[in-house]
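If you read the protein sequences in the order shown, they are chains A and B. Residue numbering for the first sequence follows UniProt numbering, beginning at 1 and increasing consecutively. Residue numbering for the second sequence follows UniProt numbering, beginning at 1 and increasing consecutively.
The set of hints was computed from the structure by calculation and includes no laboratory data. The structure displayed is predicted, hence computed values, not measured ones. All C-beta atoms in this analysis are idealised placements derived from N, C-alpha and C, irrespective of residue type, glycine included. Some clues are possibly wrong.
Stated by the list, open to error - Quick list of in silico lysine-lysine cross-link-like pairs, DSSO-like style, CA-CA up to 30 angstroms:
hint : chain 1 : residue 1 : chain 2 : residue 2
1    : B       : 295       : A       : 87
2    : B       : 313       : A       : 28
3    : B       : 292       : A       : 135
4    : B       : 73        : A       : 309
5    : A       : 135       : A       : 31
6    : A       : 135       : A       : 210
7    : A       : 309       : B       : 22
8    : A       : 87        : B       : 313
9    : B       : 286       : A       : 309
10   : A       : 135       : B       : 295
11   : B       : 89        : A       : 322
12   : B       : 50        : A       : 363
13   : A       : 322       : B       : 50
14   : B       : 292       : A       : 275
15   : B       : 50        : A       : 87
16   : A       : 12        : A       : 31
17   : A       : 210       : A       : 161
18   : B       : 73        : B       : 24
19   : B       : 180       : A       : 311
20   : B       : 292       : A       : 127
21   : A       : 311       : B       : 125
22   : A       : 182       : A       : 156
23   : B       : 286       : A       : 87
24   : A       : 311       : B       : 89
Stated by the list, open to error - If you want the ones that stay clear, here's a sample from chain B, every Cβ over 10 angstroms from chain A, calculated:
hint : residue
25   : 111
26   : 131
27   : 166
28   : 180
29   : 196
30   : 197
31   : 241
32   : 298
33   : 306
34   : 386
As the list claims (entries may be wrong) - Covered stretches of chain B, going by a simulated chain A footprint (3 or more residues, C-beta under 8 angstroms):
hint : region
35   : 47–59
36   : 80–94
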Amino acid sequence: MASTFSFELIVKPDRCFRLGRIICWRNKERKVMSTPNFLAYTVRGSVPHLTPDNLREIPVEALEIPLENFLDIQPPPSSLYPHGAHKFFNFEDFMLFFDIRDPGEFKKASFNTDKIVSVSTLQGVCKITSDTYVKYINSYNPDAVISLADMTTFEKTPGLKRIKKSVNRTLDWLDYALANIKEGIQVFGAVVGHNNHEERIRSAQETANKNVAGFLLNGHGLGATSRERLDLLKISINNLPNDKPRIAYGFENPVDILRGIFEGIDIFDGSYPSKKTEEGNALIFTLENEEFISDDTEKSLLLYLHDEKYKTDFRPLLSSCKCYACRNHTRAYIHHLLRTREMLATVLLMSHNLYHYTQFFKKIREHIEKNRFITFVDQFCQRYDDTCESKTIYQIQ
Amino acid sequence: MKSALTWEIVAQCSRTKARVAKLKLPHGVVDTPVFMPVGTQGTLKGLTVKQLEDLDCQIMLNNTYHLGLRPGKEVLEEIGGAHEFQNWKRNLLTDSGGFQMVSLLKLACITEGGVEFQSPHDGSKMLLTPEHSISLQNSIGADIIMQLDDVVSSLTTGPRVEEAMLRSIRWLDRCIIAHKKPESQNLFAIIQGGLDVNLRRRCIEEMKKRETPGYAIGGLSGGEEKDIFWRIVTLCTDLLPKTKPIYCMGVGYTEDLIVCSALGVDMYDCVFPTRTARFGNALTSKGTLNLKTSKFSQDFRPIEEDCDCLTCKTFTRAYIHIHSTRETVGCHLITIHNVSYQLRLMRNIRQAIIENRFPSFIIQSFKDLFDSVDKYPKWAVNALNSVNINLTSESKNP
Ligand SMILES: [Zn+2]
Ligand SMILES: [Zn+2]
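Can you build the whole structure from these sequences, using the hints too?
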């Protein structure tokens, strides 16, 4: 069974940002993920609120499953299913990535040791050894796995000694994964180094020297603003080869995403649409250059559907949107569902938000291809940047 | 009175009183006997209208009391009714709101004018009259609407039962006068009279004269003896006109649906199949599975092998176990299965009646449902006996 995994760069302008494509061949099946893109967020093996028929209405290409969702029982019963994770979770047509931690909800766990990583589960903090991780991944058999990282995310000011240890452990665990993850599962290396420039460079260069399929850059805990986080990640990116994809965690809202892409990130974690759904927000940011000119679109990133003013608003969430919710339902109905705490509220909001997020990335790719990405970013930031850190995003609080 | 439905019986069981009919309503045909899932607030437990259409659900319930509170009459009128509001292109049935009020609001009290209650918003005194109920149901616009009746618990005895029955007749007359859209909405009368055979007779006699498009058997499923329940049901189906649909309110368990269909009931509703999904309970022809329990954590079979619903086609019990009661997806998947189970059961009942093998269908269903003959509920044995099916002896000699 030959399986191949390749990353092609389609457009690589003079700047850092790029347009690419991951092509994954397994068992004679071809799956493609166009980049820039995101990994749809899952909780306990499902995209929140979406049954498979509703998920299939949305052009998602890849999904990420955090293993810690299942580690309250070890071995996880689902890992004993004989036909692998794609089939068990009914994700056969998606490119499937596994990581240990939940990228959308980094809960504080305990300390790690040379052999043990601590994670957060339904039963509280649990421990897993680096070789058990590999064993579980081999039975789930996803398309790609992110190798374990000795994270310093929750340590306020880790000293140089701690950072060096974190880099060394992460590299050791990567070596073990590369030697023991079975053929057909691609291994992504985690690049660490916290806020230390030399260690970030060392981690990036040493990871790049190994036979990894791509890289993971974790922005969580690296600064309060996306700018600060990016400045640190850039040190790593500058030491990574161009021909392999880069995943980043901790960039969520559209302005952060645009900044991240600008610095050369290819793939993001997809927790943003879920978070907005839980708040009762619909994503409505504009996707077209032309729309920046017309002023009838609302100058807000989000529509807060709990607001009483939608009670008799019989328009769809976003009139240009082709998602299931917008084709079939009104703001007034979704407002009603939220007020009455009916579960269909989050089904419809998630359908729209996830769909809109896919369209956002699709437009970004088009803009890069047609060489107008910079104009798009300028206009987008001009329009939204003032508001994006303000209350409209975190209205729920 | 005017009617906005046609009712055509297509098959009749040669032994029992069961029948299959095509009920043509303004939003399409409903095949009866039918189970109607309950979508209280204009939505059915997280299922999309597309999923309900895919399950071939032909009619769903909404609750008038809830829709009256939220989104409210004005919003519904502005958009043109509950079909438009929830984008449901098939049939709807609404209750009068009276039962919900009496059961949800402890302080409700009934006078000749209507149901008096305290507003859940500001505590002020409000009155739901037959006229209000119909006016609200006219705004909602369901294909079948129900009269406001004077609801007493089926355990009540004495003169209050008779009073409620007589008042329900008077209120029916007020509902008929208040009804503004008889050409597009069918008003059903509700037979009252508690567990008293004579009161039921008198009620039916009077209500028959009003010639409503259909009739409901009310005031049951309130904790009364099942052996009395079925006797009232069968009395009503005997006395009501054979040319109109009969709706037994609040019935939804498998054995109840089978028995009542044999007694000649055509329509049912119950919150149970959708409510129980929330607690991880999946219905099967062999009883209920609680998928929360850890024994399913490594059970890689579907909920039911021969179920063709989305859930059973794509997921194992182990998968649903991970989700049940934790993620909404788990609840959605069980709800899809449970609605599919109810609709499939009714489809099978209809098919058996059409092919004139309903008696053997009943025998087999009870065999599947209960471990042994001595576990068959006594009331079901008696009820079926009254329509010429000897459940115990026929189960032994296949
Ligand atoms: Zn939409
Ligand atoms: Zn099923």
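Hint check results:
no.	hint	verdict
1	B:295 x A:87	holds (21 angstroms)
2	B:313 x A:28	holds (24 angstroms)
3	B:292 x A:135	holds (27 angstroms)
4	B:73 x A:309	holds (17 angstroms)
5	A:135 x A:31	holds (25 angstroms)
6	A:135 x A:210	holds (21 angstroms)
7	A:309 x B:22	violated (43 angstroms)
8	A:87 x B:313	holds (12 angstroms)
9	B:286 x A:309	violated (49 angstroms)
10	A:135 x B:295	holds (24 angstroms)
11	B:89 x A:322	holds (20 angstroms)
12	B:50 x A:363	holds (28 angstroms)
13	A:322 x B:50	holds (15 angstroms)
14	B:292 x A:275	holds (26 angstroms)
15	B:50 x A:87	holds (24 angstroms)
16	A:12 x A:31	holds (22 angstroms)
17	A:210 x A:161	holds (24 angstroms)
18	B:73 x B:24	holds (27 angstroms)
19	B:180 x A:311	holds (26 angstroms)
20	B:292 x A:127	holds (25 angstroms)
21	A:311 x B:125	holds (26 angstroms)
22	A:182 x A:156	violated (36 angstroms)
23	B:286 x A:87	holds (27 angstroms)
24	A:311 x B:89	holds (22 angstroms)
25	111	holds (30 angstroms)
26	131	holds (25 angstroms)
27	166	holds (36 angstroms)
28	180	holds (23 angstroms)
29	196	holds (38 angstroms)
30	197	holds (41 angstroms)
31	241	holds (38 angstroms)
32	298	violated (5 angstroms)
33	306	holds (20 angstroms)
34	386	holds (42 angstroms)
35	47–59	holds (count 6)
36	80–94	holds (count 3)
Hint compliance for this structure: hints 7, 9, 22 and 32 are broken, all remaining hints hold.
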